[in-house]
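Novice: Whole structure, please, built from the sequences with the hints as guidance.
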Amino acid sequence: MIKVDYPVAIITGASRGIGAAIALLLARRKYKICVNYNKNQLAAQDIVQQIEKIGGTAIAVQADVAGGR
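Each residue of the sequence shown is one higher than the one before, counting from 2 in my numbering.
Hints listed in this document are in silico derivations from the structure and should not be mistaken for laboratory results.
Don't be surprised by glycine CBs; every beta carbon is placed ideally from N, CA and C.
Keep in mind that the hints are not guaranteed to be accurate.
[What the hints assert, rightly or not] DMTMM-like, lysine to aspartate or glutamate: derived pairs with alpha carbons at most 25 Å apart:
| # | residue 1 | residue 2 |
| --- | --- | --- |
| 1 | Lys-33 | Asp-65 |
| 2 | Lys-33 | Asp-47 |
| 3 | Lys-40 | Glu-53 |
| 4 | Lys-33 | Asp-6 |
| 5 | Lys-31 | Glu-53 |
| 6 | Lys-31 | Asp-47 |
| 7 | Lys-31 | Asp-6 |
| 8 | Lys-4 | Asp-47 |
| 9 | Lys-33 | Glu-53 |
| 10 | Lys-40 | Asp-6 |
| 11 | Lys-4 | Glu-53 |
[Claimed, not checked] Pair by pair, the computed Cβ-Cβ distance ranges are:
| # | residue 1 | residue 2 | range |
| --- | --- | --- | --- |
| 12 | Arg-17 | Ile-55 | 12 to 20 Å |
| 13 | Lys-4 | Lys-40 | 29 to 37 Å |
| 14 | Gln-51 | Pro-8 | 16 to 24 Å |
| 15 | Val-9 | Gln-46 | 18 to 26 Å |
| 16 | Lys-4 | Asn-41 | 17 to 25 Å |
| 17 | Ala-67 | Lys-4 | 27 to 35 Å |
| 18 | Gln-63 | Ile-19 | 17 to 25 Å |
Specialist: Here you go:
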């Protein structure tokens, strides 16, 4: 197992709404953030930029995490 000395959060739906708010909140608390989005890459990149603007670290990752069959 990999040991890290900082908290990391993977937030699904982080490109908008409650997910975006949680991403920003955790970034302010020094979490490294993975902004998960399904379709709206521009919105996800906007959240990443907002996080970086407040001194945080974030990446945007496209993935459909819905329970597909």
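Novice: Run every hint past the structure and note whether it holds.
Specialist: How the hints compare with the structure:
1. The straight-line distance between the Cα atoms of Lys-33 and Asp-65 is roughly 21 Å, inside the 25 Å bound, and the hint therefore holds.
2. Straight-line distance between C-alpha atoms of Lys-33 and Asp-47 comes to about 16 Å, which keeps the hinted pair within the 25 Å bound.
3. The suggested pairing of Lys-40 with Glu-53 holds, with an alpha-carbon distance near 21 Å, which does not exceed 25 Å.
4. The hinted pair formed by Lys-33 and Asp-6 meets the criterion: a straight-line CA distance of about 11 Å does not exceed 25 Å.
5. Proximity of Lys-31 to Glu-53 is assessed by CA-CA distance (about 11 Å); at most 25 Å being required, the pair is judged to hold.
6. For a cut-off of 25 Å, the pair hint linking Lys-31 to Asp-47 stands: about 19 Å separates their Cα positions.
7. For the given pair, Lys-31 sits about 11 Å from Asp-6 by alpha-carbon distance, which is consistent with the 25 Å threshold.
8. For a cut-off of 25 Å, the pair hint linking Lys-4 to Asp-47 is broken: about 29 Å separates their Cα positions.
9. A hinted pair counts as satisfied when its Cα atoms are at most 25 Å apart, and Lys-33 with Glu-53 qualifies at roughly 10 Å.
10. This hinted pair does not check out: Lys-40 and Asp-6 have alpha carbons roughly 32 Å apart, beyond 25 Å.
11. Distance hint between Lys-4 and Glu-53 is fulfilled; the C-alpha atoms sit about 24 Å from each other, no more than 25 Å.
12. In this structure the hint that Arg-17 and Ile-55 lie 12 to 20 Å apart at CB holds, the actual value being about 18 Å.
13. A hinted range of 29 to 37 Å holds for the C-beta pair Lys-4 and Lys-40, which are about 34 Å apart.
14. One distance hint, 16 to 24 Å for the beta-carbon pair Gln-51 and Pro-8, holds here, with the actual separation near 19 Å.
15. Roughly 19 Å separates the CB atoms of Val-9 and Gln-46, a value that falls within the hinted 18 to 26 Å.
16. Hint check: Lys-4 to Asn-41, Cβ distance near 34 Å, so the stated range 17 to 25 Å is violated.
17. Taken as a hint, the range 27 to 35 Å holds for the pair Ala-67 and Lys-4, whose Cβ atoms sit roughly 31 Å apart.
18. The hinted window of 17 to 25 Å between Gln-63 and Ile-19 holds, with their beta carbons roughly 19 Å apart.
Of the numbered hints listed earlier, those contradicted by the structure are 8, 10 and 16.
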